[in-house]
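What follows is each chain in one-letter form.
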Amino acid sequence: MYRSHVLVCGGTGCTSSGSQKIIDTLHEEIDKNGLSSEVQVVKTGCFGLCALGPIMIIYPEGTFYSMVKPEDIPEIVEEHLLKGRIVSRLVYKETVTENGIKSLNDTNFYKKQHRVALRNCGVINPENIEEYIGTGGYEALGKVLTEMTPEEVIQVVLDSGLRGRGGAGFPTGRKWMLARNIVPDADQKYVCCNADEGDPGAFMDRSVLEGDPHVVLEAMAIAGYAIGANQGYIYVRAEYPIAVKRLQIAIDQAREYGLLGKDIFGTGFDFDIGLRLGAGAFVCGEETALMTSIEGNRGEPRPRPPFPAEKGLFQKPSVLNNVETYANIPQIILNGAEWFASMGTEKSKGTKVFALGGKINNTGLVEVPMGTTLRTVIEEIGGGIPNGKKFKAAQTGGPSGGCIPAEHYDIPIDYDNLISIGSMMGSGGLIVMDEDNCMVDIAKFFLQFTVDESCGKCTPCRVGTKRLYEMLDKITKGTATLEDLDKIEKLCYYIKDNSLCGLGQTAPNPVLSTLRYFKDEYIAHVVDKKCPAGVCKSLLQYYIDADKCRGCTLCARQCPANAIEGTVKNPHVIDPDKCIKCGACIEKCKFGAIFKK
Amino acid sequence: MGKTTSTIPFNGSAEQEAKLMEVIAEHKSDKGALMPILQQAQEIYGYLPIEVQEIIAKEMDIPLEKIYGVVTFYSQFSLNPKGKYTISVCLGTACYVKGSGDIFNKLSEILGIKGGETTPDGKFSLVDCRCIGACGLAPVLTVNEDVYGRLTVDDVADILAKYTD
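Protein chains in written order, with my numbering: chain A, 93 to 689; chain B, 852 to 1016.
To be clear, the hints were calculated from the coordinates, so they are not data collected in a lab.
Virtual Cβ for every residue (Gly too), placed ideally from N, Cα, C.
Check each hint, because a few of them may be wrong.
Pair by pair, the computed Cβ-Cβ distance ranges are [stated by the list, open to error]:
1) A:Arg95 to B:Ile961: 49 to 57 Å
2) B:Ile961 to A:Ile225: 25 to 33 Å
3) A:Arg95 to B:Gly967: 51 to 59 Å
4) B:Thr923 to A:Arg95: 51 to 59 Å
5) A:Ala330 to B:Lys935: 19 to 27 Å
6) A:Thr645 to B:Pro971: 50 to 58 Å
7) B:Asp997 to A:Lys235: 19 to 27 Å
8) A:Asn479 to B:Ile961: 25 to 33 Å
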């Protein structure tokens, strides 16, 4: 028995800010103080508050230390662990009150969260199956195999109202029912897990895989039982080395405990899982492309129908669900469909995990009931926008989604509401933008992404996105006309209507949504040749502040175009006709006298 | 995708080839074995020159053009050797809105290479990547396994200076 547990986040965010070093130092210091039999150090998954990493919690007190440095460890071990005195200067400020330290669950960041999919993240050691079992892990699989028929399992998932968390929101129970019934005499079926989390700025699935890998294995086995499959594949991004490693450990341990493999729980049900690594192609997040890639081919999508439920992986009936979808399944089985359906909105049940990023104070991972407003997520949980800047838009759905402007700040977030305002749920990336972000530039950024990632199989996507990108580029360079704006809109709808797969069909969304809500910015670029946010380089003019300029002549000597004129000790002036906007002068000026507008 | 065959002569060792043969033998009978084999081959050689693809084609009895098609499809596979240090600048959305584009441009300017290229001395390769998931530290870049976060353009030169050997 240990009297104290020190939980250190070992997720990608905290590992990147040095949590492994913290763990090593902890071990050293604990040994040095002779506490190794009393204090246990546990490396967990993500706590969610990535902005404050590396993060560490000490139980039983529940003290939350943030932004810990290796040199702080001796003090924490000696003071807190040895003498029982909390090191208040290192405690997360939000938890410090006049009457002492308050619980983490009462802080703004955690108060409104409701953790279902993330319930074990930051709580258990993901590399130890016994910790997962200790929190009720594999109970749902046991219940399913011993007490329920496959039809009953599917009915529970249907009744829960769970919809796919990967983006499109297809009802999971219906998917399973189709895969079970559509080819009644199939000799082989497959269960696949989409862990190819490609949306830039989204890291929900990674955190589940890193923090609670067994939940995915358990849910896949349940899906296998429900549809009649005995083999599963997890297709995971190679860019997530920690997730890959922990998944492999989890699979090995589950096999060792007889929770994967032959005759699970002595019921005669066989199920095993193989790991397949992606190789950096965004389109492989599309279900048919993912299957084509597992088969060892170029990851190009296939036309549907036939749908994967009929002809999927290796031409066999298959089910593909996203990581977060799976992470909900065991809880639904154990707590019942009604419990799950009691959370959320009419058509979007349960919770949703969002990865908060961009211009927001509490970057990190949050899980809230469906129907929570954007304002709550950004202002209360996310702690608002840094540096007193103004909220401009939130981008959801990655390259397939759109930008939500301030006028929809109070809309309850669910699948249907987001679609109605021109965005989509997507996998849950939520990037906040402030007044310094140019919306045309953001649209161009996403188009550059789809141009790069288009697989090239169908022309509307391959050529269409490229042409769209070129037109946006013209706008940011100030050479576009109003006619181009109309052309852009037409081309957007053409690409949406004619592309083969979801990548192309949704690629124009970032453009359409910014055109819808930020048309004035487009017009400013096209007509006034100005970028209101000051981002698009070609549209900026460089100026010298006469009050700040000391006439040192450094900028004039630096300018490659000889565009700066002036005499020693007198304010200099930039000739806009000669200026090539290279920015060399700004870099050299020691007095901050040069600015762009 | 603009990939070409390597201009640098191939000099794989017998040891590397023996390792590759082992990998192929181990996976050959698996369904969809080509991807895992290519991934491990790249680990062995550091890249996938046409000579390596030829070995795999012959051993697995798969047409070379199919293997070439797969290799050139995925951005992780490289037909050219990488530099000693690969600098990946995250151009994912969270990093981009916090200015990672400027950091990428600065690196490109200092190193005198474009994205996907390697410096003539074989020391640095510069690539852009799409989100390593450390969005809490945005903007982020990695040099091989080392992660640098919360960057500004001014940090770039200091980071490069750390890799002198």
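Problem - Outcome for the supplied range 19 to 27 Å, where the beta carbon pair is A:Ala330 and B:Lys935 - result: Since A:Ala330 and B:Lys935 have Cβ atoms about 21 Å apart, the given range 19 to 27 Å holds.
Problem - Hint check for B:Ile961 and A:Asn479 - Cβ pair distance inside 25 to 33 Å - result: For B:Ile961 against A:Asn479, whose Cβ atoms are near 28 Å apart, the range 25 to 33 Å holds.
Exercise for the section: Just tell me: holds or violated, for the beta carbon distance of A:Thr645 and B:Pro971 against 50 to 58 Å? Expected result: Since A:Thr645 and B:Pro971 have Cβ atoms about 36 Å apart, the given range 50 to 58 Å is violated.
Practice task
Check the following: the C-beta atoms of B:Ile961 and A:Ile225 are separated by a distance inside 25 to 33 Å.
Solution key: Distance hint for B:Ile961, A:Ile225 is violated at roughly 52 Å.
Handout entry: C-beta pair A:Arg95, B:Gly967: status relative to the range 51 to 59 Å that was hinted
Key = holds, 54 Å
Handout entry: Outcome of range test on Cβ distance (A:Arg95, B:Ile961; 49 to 57 Å)
Key = holds, 53 Å
Handout entry: Range hint 19 to 27 Å (beta carbons of B:Asp997 and A:Lys235) holds or violated
Key = violated, 46 Å
Handout entry: Verdict for B:Thr923, A:Arg95 (Cβ pair) under range 51 to 59 Å
Key = holds, 58 Å
Against the hints set out earlier in the document, violations occur for numbers 2, 6, 7.
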